[in-house]
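There are 2 protein chains.
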Amino acid sequence: MDRLQPPLPTRLTDLLGIDYPIVQGGMVWAAGSSLVAAVSAAGGLGLLGSGSMYPDVLREEIRRVKAATDRPFGVNVSLRRDDSPTLLQIVLEEGVPVISCSLGNPNIYVEKMKARGIKTLHVVTNTKHAAKAEQAGVDALIAVGIEAGGHPGPDELALTTLIPQLHDATSLPVVAAGGIVDGRGLAAALALGADGVQIGTRFIATTEASVHPSYKEMLVQAGPTDSVLIARNVELVRVLKNDFAARIAKAQADGASATELHELLREGRPKLTMYEGDVQNGQVQAGQGVGMIRDILPTAELIQRMITQYRQSRSAMPG
Amino acid sequence: MDRLQPPLPTRLTDLLGIDYPIVQGGMVWAAGSSLVAAVSAAGGLGLLGSGSMYPDVLREEIRRVKAATDRPFGVNVSLRRDDSPTLLQIVLEEGVPVISCSLGNPNIYVEKMKARGIKTLHVVTNTKHAAKAEQAGVDALIAVGIEAGGHPGPDELALTTLIPQLHDATSLPVVAAGGIVDGRGLAAALALGADGVQIGTRFIATTEASVHPSYKEMLVQAGPTDSVLIARNVELVRVLKNDFAARIAKAQADGASATELHELLREGRPKLTMYEGDVQNGQVQAGQGVGMIRDILPTAELIQRMITQYRQSRSAMPG
Numbered sequence: 012m013d014r015l016q017p018p019l020p021t022r023l024t025d026l027l028g029i030d031y032p033i034v035q036g037g038m039v040w041a042a043g044s045s046l047v048a049a050v051s052a053a054g055g056l057g058l059l060g061s062g063s064m065y066p067d068v069l070r071e072e073i074r075r076v077k078a079a080t081d082r083p084f085g086v087n088v089s090l091r092r093d094d095s096p097t098l099l100q101i102v103l104e105e106g107v108p109v110i111s112c113s114l115g116n117p118n119i120y121v122e123k124m125k126a127r128g129i130k131t132l133h134v135v136t137n138t139k140h141a142a143k144a145e146q147a148g149v150d151a152l153i154a155v156g157i158e159a160g161g162h163p164g165p166d167e168l169a170l171t172t173l174i175p176q177l178h179d180a181t182s183l184p185v186v187a188a189g190g191i192v193d194g195r196g197l198a199a200a201l202a203l204g205a206d207g208v209q210i211g212t213r214f215i216a217t218t219e220a221s222v223h224p225s226y227k228e229m230l231v232q233a234g235p236t237d238s239v240l241i242a243r244n245v246e247l248v249r250v251l252k253n254d255f256a257a258r259i260a261k262a263q264a265d266g267a268s269a270t271e272l273h274e275l276l277r278e279g280r281p282k283l284t285m286y287e288g289d290v291q292n293g294q295v296q297a298g299q300g301v302g303m304i305r306d307i308l309p310t311a312e313l314i315q316r317m318i319t320q321y322r323q324s325r326s327a328m329p330g
Numbered sequence: 012m013d014r015l016q017p018p019l020p021t022r023l024t025d026l027l028g029i030d031y032p033i034v035q036g037g038m039v040w041a042a043g044s045s046l047v048a049a050v051s052a053a054g055g056l057g058l059l060g061s062g063s064m065y066p067d068v069l070r071e072e073i074r075r076v077k078a079a080t081d082r083p084f085g086v087n088v089s090l091r092r093d094d095s096p097t098l099l100q101i102v103l104e105e106g107v108p109v110i111s112c113s114l115g116n117p118n119i120y121v122e123k124m125k126a127r128g129i130k131t132l133h134v135v136t137n138t139k140h141a142a143k144a145e146q147a148g149v150d151a152l153i154a155v156g157i158e159a160g161g162h163p164g165p166d167e168l169a170l171t172t173l174i175p176q177l178h179d180a181t182s183l184p185v186v187a188a189g190g191i192v193d194g195r196g197l198a199a200a201l202a203l204g205a206d207g208v209q210i211g212t213r214f215i216a217t218t219e220a221s222v223h224p225s226y227k228e229m230l231v232q233a234g235p236t237d238s239v240l241i242a243r244n245v246e247l248v249r250v251l252k253n254d255f256a257a258r259i260a261k262a263q264a265d266g267a268s269a270t271e272l273h274e275l276l277r278e279g280r281p282k283l284t285m286y287e288g289d290v291q292n293g294q295v296q297a298g299q300g301v302g303m304i305r306d307i308l309p310t311a312e313l314i315q316r317m318i319t320q321y322r323q324s325r326s327a328m329p330g
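Protein sequences appear in the order of chains A and B.
Residue 241 in the numbering used here is what sits at position 230 of the first sequence, and the numbering runs on without skipping anything.
Residue 295 in the numbering used here is what sits at position 284 of the second sequence, and the numbering runs on without skipping anything.
Keep in mind the hints are simulated off the structure, nothing from the lab.
One or more of the hints may lead you astray.
One copy or two, it doesn't matter: identical chains are merged, so the pair holds either way.
[Claimed, not checked] Lysine-lysine pairs mimicking BS3-like chemistry, simulated, CA-CA at most 27 Å apart:
no. : residue 1 : residue 2
1   : Lys261    : Lys77
2   : Lys252    : Lys130
3   : Lys143    : Lys252
4   : Lys139    : Lys252
5   : Lys139    : Lys227
6   : Lys77     : Lys130
7   : Lys139    : Lys261
8   : Lys261    : Lys282
9   : Lys123    : Lys261
10  : Lys123    : Lys77
11  : Lys227    : Lys282
12  : Lys261    : Lys143
13  : Lys261    : Lys125
14  : Lys143    : Lys130
15  : Lys282    : Lys252
16  : Lys252    : Lys77
17  : Lys139    : Lys125
None of these values were measured; they are calculated from a predicted model.
Bound-form chain A, shown alone (with noise of 0.2 Å):
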């Protein structure tokens, strides 16, 4: 589609030669080369997300990616999975131009991605490890709140406080994840002085999201309270209600111990929902904003809904 919206500069948008400062986080199962080069030709930041691909299927959709656009794109990596080494080397070979990590030592990274004029971006929840990123010479924060849906880590931070306390604590551009599902929460988020926005469970009712249809659909349908958080004290995840998330609860309640909560985490793994369409008995991961979400949209349409709204919510705004 034509892109009526121009670009909308941030220090974000000029650290990744991008037009607009959108990127779509690395959902597993959802995040392949689709709605990767979708999001990127469309001005935004797609970033593949690993955590469902085995090694050889990451390198395979890289290519993908890079045959289907030449703007740049990025892929996420979980430092806590055994093998990421191993992808990190295959984002090295690819040239990939942007990485993101989560979960780990930025130390182990930053310096042979950017040795080869890879952009790094590191995932914290707080301001202590946002210093330590900083040390560490990452290119910028993206900032997880409590909002976000699958696992927004344990400080429980909402990005009304998140952001403007990582504003005042480092001097790197920082990206508001968790919650976002429209051009009010990027205004909200670059008014509290994030330089972008990390937008997940909206990309996933796109069109080009490569999950089963069932899963988008249960996106549309969730209402303003749908989403919670389980498995507190065990893996904090944020899921819509449904069956699995009852069994989780009850189970709490019921004295479960770590080991048996992580057993049913693993029984209700995203791959059920996300890849297999049964939206009872699996996680069915998705942020705060579920509630916002009323279609299945194609991204480029969703992005350029997103600047224009943002835009008139900054104009709506009184001086």
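Got chain A sorted already, so can you dock chain B onto it with the hints?
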């Protein structure tokens, strides 16, 4: 002090006849006539916290505010309190310009108040209660997010998701409450569709708040992750980490019954901290933005600083 900042008009300031869209929460013990008069005189809306007042004390405090300023102010009443009908009657008799009510059915008070020209604000935490309050005829909504100190309500929605959903669900002005301590938070709230903010914790760290100096000092010292939710599933309260919070967490981990937890919560009553200054054995209520509070300021200066920062934040947002 001089008001250097021109008024910041929104639907809320029009409704209430105030200069800046800042409501000071009616916090127990802190929000007495000194603070309320100072906030209203400085262009915001002060709310007396009737929660820590006997009826005759409330009447006296109302009269003190009237004697100190001719600007609009209000009273916050918890409808859950047994003697709330008496408090409502006092508000009517004294012709207080604004009332804010929480934890109850708005039909109980709205018609009577509006008949006397009293503006009605009703506290909500989700779109369902907002729809009921709108139907009852309230003038505006106070939307409390999970970031809020004290009792943020059971829905656990962050302001980033609560505010735009309320904006879509009702036509009433919405006041965002929770975690906001400065002009960046005000800018974010307005970007999300709110018409103003209610600020609690930040107004406790002022020269005019009527609490023990040790409580104010603890707010200034608190770090980014020192505000926590305790007593989940029993009586959710947001407080600062201290001996009391640790005691509640331990009791819950040890499987204490709801009755036992309620008993403990009563022992750790806010008065012990706020009035008597025991910051370890009392409930130190504080919102999630507490880590950004770095000084105890005169109220008028604080409000000017917030409006200045709001305008800076808005201007820094790319067009």
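Hints breached by this structure: Of the numbered hints given earlier, those the structure breaks are 1, 2, 9, 12, 13, 16, listed in rising order.
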